[in-house]
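Number of protein chains: 2
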Amino acid sequence: MTLSERKIISLIYEIIGDSLSSLLPFNDDAVAIEIGEIVLVINTDMFVRKTDAPQGMAVRQIGQKVIVMNVSDLAAKGATPVGFLSALGFPSDYSKNDIEELLHGFKEACSLYRIPYLGGDTNEADDLVIAGIALGITNKDELISRAGAQEGDLVCVTGMFGKTAAGFKILLDNLECPEYLRNEFIEAVFYPRARLDEGCALAKSRVPTASIDSSDGLAWSLHEIAKASNIGIEINELPIDLSVEEFARLNHLDPFDLCFYGGEEFELIVTIPPEKIVHASAALNAVKGQLIPIGRVVKAEGLFYTEGEKTREIYPRGYEHFTKH
Amino acid sequence: MTLSERKIISLIYEIIGDSLSSLLPFNDDAVAIEIGEIVLVINTDMFVRKTDAPQGMAVRQIGQKVIVMNVSDLAAKGATPVGFLSALGFPSDYSKNDIEELLHGFKEACSLYRIPYLGGDTNEADDLVIAGIALGITNKDELISRAGAQEGDLVCVTGMFGKTAAGFKILLDNLECPEYLRNEFIEAVFYPRARLDEGCALAKSRVPTASIDSSDGLAWSLHEIAKASNIGIEINELPIDLSVEEFARLNHLDPFDLCFYGGEEFELIVTIPPEKIVHASAALNAVKGQLIPIGRVVKAEGLFYTEGEKTREIYPRGYEHFTKH
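If you read the sequences in order, they're chains A and B.
When you line the first sequence up against the numbering used here, it's residues 1 to 325, in that order.
When you line the second sequence up against the numbering used here, it's residues 1 to 325, in that order.
No lab work stands behind these hints: they were computed from the structure.
Heads up, some of the hints might be wrong.
Note that the list lumps identical chains together, so a pair holds whenever it fits in one copy or between two copies.
[To be verified] Straight-line distance between alpha carbons at most 20 Å, and here's what the computed SDA-like set of lysine to any residue pairs gives:
1) K7 to Y180
2) K276 to S205
3) K227 to R6
4) K276 to I292
5) K140 to I38
6) K96 to L3
7) K140 to G36
8) K140 to I35
9) K299 to Q150
10) K7 to S95
11) K7 to K96
12) K107 to I33
All of these numbers come straight from a predicted model, not from anything done at the bench.
Construct the complete structure from the given sequences, taking the supplied hints into account.
This is the structure in C-alpha cells:
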C-alpha cells in the first residue's frame, strides 16, 4: 500500500479523532459504549482471502477463524459474547459448496464460543472478504484497556508462543519439520483458538491493569501495551513452546524470533500487580487456563529481553495485516 | 455469481437459522438484541466500489453513502444511533488523498446523523471494500419489524420516488436530460439522505405496524413487507416525483418503472392502521417530514397498482446488491 496500515490509522485519528467516543482509548482491541448500566464492547475484524488466508486453509477454517479473530478481542477486554454479525463479499464464481462450508465454519465457532449468530449482509466482491462483528457485554469496573499498565506490574501470558510462526515457516517457506511436530504447527495456523474463558475470568477477578490479545504477534502487542500505558517492559522468560524450540534447533532458527515476531496467535497478554498474581492465577485455573509470568513493567521506555547477562532489544515488528483502529 | 445473493441468504437461514437470536425476524432491515432494559439495533451493510459506486461518484460521497446506507436501516427500525464502526479494505495503490476524502465523508455524515464514530479495522484488499456497522437503541415497545402489516392498514411513504432511477439512467445509459433536472437526479444518486428523524418520530408514535427502508427499490421493499407479513398490497397512488415524471415524458419511459423498480433510495415505507394516520402524520410533521399514503394492505396475496380501471402487477424486481440477511 502507498500508506501503511499504521499510517492509515494515524490519519483516522487525525481526521475523526475529535469525535471518537469509545470508553476505550483509540486503537484498543475493541470499542466500548455504555448502554444503560451495561458496557457494550464491539469489535470488527476484516478477513481478506488474498492477504489473510495461507495456502491450504479450507473455507470452513476461514469461517471459524473470522469468529476467533473477533471473539479474541472481546476476550482481551473481558467481555462476554452476546452476538456475531458478518458482512460477506463473495467472488462471482464462488460455489454453493464453498459458501456452505464457510457457514458451517461460522456455526461451529459460534457454538464453541457460545456467541449467537445474529445476521448480516451479503454482496459480490472480487475476492472473499468477510467483515466479522462481535458484540460482548461487561460492566465499567471490569472493562480492561491496554493503557493501564503500571511500573512494577508483572507481565503475564495465557499460553506459549511460536507455533503459528513455525507453521508459517513450513507453509510459506517450505521449511522441513518432522511429522509429529508438523501437525501441531499447521493446526495452530488453521485452527486457532481464542482465550475467551480466560479473558472473562481475568476480567471478573478485576486484577489486570492492562490487557491485549497477541494477534499481531507477541512483540507488537507488548509494544502496544507499552505505548498506550507509557511504560517500558522487561521480559525475563521466553514464553516459547517446547516443540517450537525443537523446530528452531532443527532449522537453525533463532527461538527469540519465532517467539516474539510471529502473529496470528490468540493468547492474551495482561499486566498484573505482583501482590495480586495468586488471585489472578487461581481465577485462571478455575477455567482450566494458566497464567504465565514472563516479565515486568518498568519505568524506562523500551522493550528488552534479559537472560542472565545478555540483553536484547525487542523491536515493534509483527504482522501488518489485522490492524485495528 | 453462481448463486444469487437471495439464494445465499436462504442458505444462511438453512444452515445457521436454528441458532439465530435476533428480536427481529431473519432478513429484516437490521438485527436487535436486548441489553438490559434497552433494545440494541445493529446493522451492517458492505459497500464494494466495483459493484456499488456508479462512475463519477467521489470518494467523499462514498464515505457519506456508507453511513447513509447503515443509518437508514436504523431509521426503518426506529432506533436512535449510538455509534458507527467501519471495517475498511483499501487497494494497495490507494492514495493518501483518497483515504482522507473517505474519512472526511465519514465525518460529515456522522455529524449529520449525530452518530459517534467509534473505530474499526483497516486492511489491504483488491478493491475498496467498506463494511459499515451502525448501532442504535430503542425499546421493545417501539421496535418495528417488517412483519407486522395487517389487512386494512394504509401503506405510506416518507417521500417521492424515481430520482435515483432517473439519475442512473443518465449516468449509466447516457439518457438525455435538461440541465435543471439533471442536477437534481445526480444529486439523488451521489448524496442520498437517510430518513432518520422520520423513522425515530414514527417509532415514538408507536403507530406503524411494519417498516422497511426502500434501499432495494420500492417494488422490492413492498414485496418484502408483504412476504414477511403474509399479506398483499394494493397501491393506488404512484409516489413519483414530478421532475421524474417530466424526465419519463422526455425520454418516453414508463413512470411506473422509474417509480417502482429503482433502488438506492432511502425513503421509509410503513404500514399504519387508518384510524391512526392523523397521529402518525402529526408526528412526522413535527420533524418536518411528510407521510404520504399510497395504498392499502389487503388479504389476497400479490402486489398490484390500480389506477381507475387499470390494474398492473408490481413484480419483485429491484437491485440485487445491498441485500441483507
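Results for each hint:
In this homomeric assembly, K7 and Y180 never come within 20 Å of each other (Cα to Cα): the closest approach is 41 Å inside a single copy and 43 Å across copies. For a Cα distance limit of 20 Å, the shortest separation of K276 from S205 inside one copy, 10 Å, qualifies, whereas the shortest one across copies, 53 Å, does not. Taking the shortest Cα distances, K227 and R6 sit within 20 Å of each other inside one copy (14 Å), while across copies they are farther apart (46 Å). Proximity of K276 and I292 under a CA criterion of 20 Å is satisfied intra-copy only: 14 Å inside one chain copy versus 64 Å between copies.
In this homomeric assembly, K140 and I38 come within 20 Å of each other (Cα to Cα) both inside a single copy, at 7 Å, and across copies, at 17 Å. Within a single copy, K96 and L3 get their C-alpha atoms only as close as 36 Å, which misses the 20 Å cut-off; across copies the closest is 7 Å, which meets it. For a Cα distance limit of 20 Å, the shortest separation of K140 from G36 qualifies both inside one copy, at 11 Å, and across copies, at 14 Å. In this assembly of identical chains, the alpha carbons of K140 and I35 lie at most 20 Å apart whether taken from the same copy (11 Å) or from different copies (14 Å).
In this assembly of identical chains, K299 and Q150 lie within 20 Å of each other by CA distance solely inside one copy; the values are 8 Å within and 67 Å between copies. For a Cα distance limit of 20 Å, the shortest separation of K7 from S95 across copies, 12 Å, qualifies, whereas the shortest one inside one copy, 37 Å, does not. In this homomeric assembly, K7 and K96 come within 20 Å of each other (Cα to Cα) only across copies, at 9 Å, whereas the closest approach inside a single copy is 38 Å. When the C-alpha separation of K107 and I33 is checked against a cutoff of 20 Å, the pair qualifies only between copies, where the shortest distance is 19 Å, while the shortest distance within a copy is 27 Å.
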